[in-house]
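K.L.:
The chain contents come next:
Number of protein chains: 2
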Amino acid sequence: MAREFPADSVGLVTPQTQHFDAPLRLESGRELPAYDLIYETYGELNAARSNAILVCHALSSDHHAAGYHSEDDRKPGWWEACIGPGKPIDTDRFFVVCCNNLGGCKGSTGPMSVNPETGKPWGPDFPVVTVGDWVASQARLADVLGIEQWAAVVGGSLGGMQALQWAIDYPERLRHALVIAASPKLTAQNIAFNEVARQAIMSDPDFHAGHYYEHGTIPRRGLMIARMLGHITYLSDDSMRAKFGRELREGKLNFGFDVEFQVESYLRYQGQSFVERFDANTYLLMTKALDYFDPASRHGGDLSAALAPVRARMLVVSFTSDWRFSPQRSREIVKALLDGDKEVSYAEIEATQGHDAFLMPIEKYLDVFHAYMGNVAAECATTGEDAQ
Amino acid sequence: MAREFPADSVGLVTPQTQHFDAPLRLESGRELPAYDLIYETYGELNAARSNAILVCHALSSDHHAAGYHSEDDRKPGWWEACIGPGKPIDTDRFFVVCCNNLGGCKGSTGPMSVNPETGKPWGPDFPVVTVGDWVASQARLADVLGIEQWAAVVGGSLGGMQALQWAIDYPERLRHALVIAASPKLTAQNIAFNEVARQAIMSDPDFHAGHYYEHGTIPRRGLMIARMLGHITYLSDDSMRAKFGRELREGKLNFGFDVEFQVESYLRYQGQSFVERFDANTYLLMTKALDYFDPASRHGGDLSAALAPVRARMLVVSFTSDWRFSPQRSREIVKALLDGDKEVSYAEIEATQGHDAFLMPIEKYLDVFHAYMGNVAAECATTGEDAQ
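Taken in order, these protein sequences are the chains called A and B. Our numbering applies: residue 2 is where the first sequence begins, and numbers increase by one. Our numbering applies: residue 2 is where the second sequence begins, and numbers increase by one.
It cannot be assumed that every hint is accurate.
As the list claims (entries may be wrong) - Computed cross-link-like contacts, EDC-like style, restricted to lysine to aspartate or glutamate with a CA-CA straight-line distance of at most 20 Å:
(1) A/K186 - B/D238
(2) B/K186 - A/E248
(3) B/K244 - A/D295
(4) A/K186 - B/E248
(5) B/K253 - A/E28
(6) B/K253 - A/D9
(7) A/K186 - B/D295
(8) B/K253 - A/D303
(9) A/K365 - A/E351
(10) A/K253 - B/E248
(11) A/K76 - A/E5
(12) A/K253 - B/D303
(13) A/K186 - B/D239
(14) A/K253 - B/D295
(15) B/K186 - A/E5
(16) B/K186 - A/D238
(17) B/K186 - B/D170
(18) B/K186 - A/D295
(19) A/K343 - A/D170
(20) B/K336 - B/D368
(21) A/K244 - B/D295
(22) A/K365 - A/D9
(23) B/K186 - B/E45
Simulated from the structure, these hints should not be mistaken for lab results.
Next comes chain A alone, as it looks inside the complex (with noise of 0.2 Å):
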């Protein structure tokens, strides 16, 4: 008997592939010859093309957005909260895609796929892929999908970033972005954090200068230590707190570097699992993309400028736990749009969840999604403008 999936849920998914011929000149001058990318798409596509939502994803997620792979999977896609029928977007409304990233090790294109000038895998010589890439991908798979103007992009922390760089690279081709938990430029100790991530990966010794593929190795150990650390900064100390306390596993001090702590427990759990599930390289890649996301610069600095192409009507989401794109970094995304004369909205959530609180099913965060999602129409109005 096939399984019964939840009715909010967009049920069985598969992903398709979408090959490119034609080279992508990146940002930093090298050129990707061709490439793949993977995607998914939920609910249906109407006649004028015209209910698409890209959904972009965060630094270690991929393109299942939402439903399952087969009737025995365990667990949903990574934002299953938020798609599906009836939930903030809609897919009985909209025609959502969501592609797994350049760089990434997922399906599409990245340092675990086979460089076609040495017939080896690319490793660490896959090129050093940047927000604005990934948005011009992106915007390659809408011309193949035919999606001339996108109903929204959408995405949370890296994918954040991702929506706001479409507003920016492409005014043109999309209605609203929506901007959850992101920040216009990381700061130095989110640089810092990244930057220790890295290491950790680097100076193991079965990372071979990242090319361990060829080694039949797996850096284990520094993937490990650095999604202990990046999980850390996903959790608030109060979530922390709630979740584990200071809770001992055994019931009592054991005066040795055993587990003791729950905490430990949990974050050794979550750095082997993810060790399984996701590669050494497209892990540098995705913390370098973060690194270098700051559309102000090339502005001197002048965020307000940076935004002045957008045409896009906007949605900023905050977390007040958040303390790794805290609540201050989505005002400045704020300001620098209303300096500006933008059409923004922004809601500050109440959650103690932490950077993590955009991944999760907090009422009013779906409230406030699914308002602001409600007024998004899925239809151009002719005058080019939103008709609501």
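Guided by the hints, dock chain B onto chain A, whose structure is given.
P.N.:
Relative to the frame of chain A, chain B by itself:
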């Protein structure tokens, strides 16, 4: 010609070592058969032996709190800002003692010392030591020095925890305790950071389960990662921004994985130089002592009950930008003391430097510190109370 040290420095200092033959029973239940404590003293002990101040060190520092070890010593002791003639801990008035804690790597018995049972370095077999164990060992040092009662016990961070533990464990043996930038216990997030640091060290192939001395290796990579990570938690986001911003070392992105941002260069340097001067097994022990510190745990989580024995007057100091042990944590100590009708002063210092502020010559901080110490009598009052 002899070098002229600053007039407000204690100048040239020479560490001394005290050997203890009597075994020390540890909180873990294990026993340290015999041990050495290396320590420094500054100023003169008065005839009544009533003007002694114990300074307790933090995670990675040692007995060298002030002055210089040689004529060409480049750097003074770690608390040079606060100890010396005319400084908050005024060596014209006080006799200052600072020892390297048990488990250390700077001369006191620790993992690098020889285990008399095996004739080899203790390595990972060195017993886990706690803040309470350190305080007990420091009390024995006080016995040897003929100091029945400290005028004050003073420390920042993990050192502040020792000052607090002194006030609990030996209420008659100190008149004042100064608890600076400390916390009554670590949060889950604090423990999580420690655990990532430990995993970085312990997963380094050169760690050899802690027996790296015998293998002729040093777990450099792991210790470097641990230190880089620690360093992020010592600085505030603001101080990192002020110090590094997003400045690029070569003025432009290089689209690679070499150092790009100044903050990366700084952290790598900090990590690499730390490896030359600190022992990985000691680092593990120090982080455990931090994790375990929780005086309230024996009183069902009631900090006020834990502090019931306290007779010392207390000064608690916190720094606004300290996110490792935030002002909120200091206020927990203050509240518990007030709830128990203890005498406590509290200062929350406006400072951008993060946790490291406690080491720095911040005017307001030095003023408060100075003023409080000015009221610490060098003489015991005959009533047993302070003569002020």
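K.L.:
Would the hint linking B/K186 and A/D295 be met if the CA-CA limit is 20 Å?
P.N.:
38 Å, violated
K.L.:
Given the hint that B/K186 pairs with A/E5, does the C-alpha gap stay at or below 20 Å?
P.N.:
With Cα atoms ~48 Å apart, B/K186 and A/E5 exceed 20 Å; violated.
K.L.:
Are the Cα positions of A/K186 and B/E248 separated by 20 Å at most?
P.N.:
Satisfied, since the Cα-Cα distance of roughly 13 Å is no more than 20 Å.
K.L.:
Holds or violated: are the alpha carbons of B/K336 and B/D368 at most 20 Å from each other?
P.N.:
23 Å, violated
K.L.:
With a cut-off of 20 Å on the C-alpha distance, tell me whether A/K365 and A/D9 pass.
P.N.:
18 Å, holds
K.L.:
Does the alpha-carbon distance linking B/K186 and A/D238 stay inside the 20 Å limit?
P.N.:
Status holds; Cα separation ~14 Å.
K.L.:
CA of B/K186 to CA of B/E45, is that 20 Å or under?
P.N.:
Distance ~35 Å between B/K186 and B/E45 Cα, so the pair is violated.
K.L.:
Need the status of pair B/K186, A/E248: alpha-carbon distance at most 20 Å?
P.N.:
Holds - the C-alpha atoms of A/E248 and B/K186 are around 13 Å apart, at most 20 Å.
K.L.:
Holds or violated: are the alpha carbons of A/K253 and B/D303 at most 20 Å from each other?
P.N.:
18 Å, holds
K.L.:
Hint check: B/K253 vs A/E28, CA-CA at most 20 Å. Holds or violated?
P.N.:
13 Å, holds
K.L.:
Are the Cα atoms of A/K186 and B/D239 separated by 20 Å or less?
P.N.:
Since the Cα atoms of A/K186 and B/D239 sit roughly 15 Å apart, the hinted pair holds (cutoff 20 Å).
K.L.:
Given the proposed pairing of A/K253 with B/E248, does the C-alpha separation stay at or below 20 Å?
P.N.:
With a Cα-Cα distance of about 47 Å, the restraint between A/K253 and B/E248 is violated, given a limit of 20 Å.
Hints 6, 7, 10, 15, 18, 20, 23, counting from the list given before, are not met by this structure.
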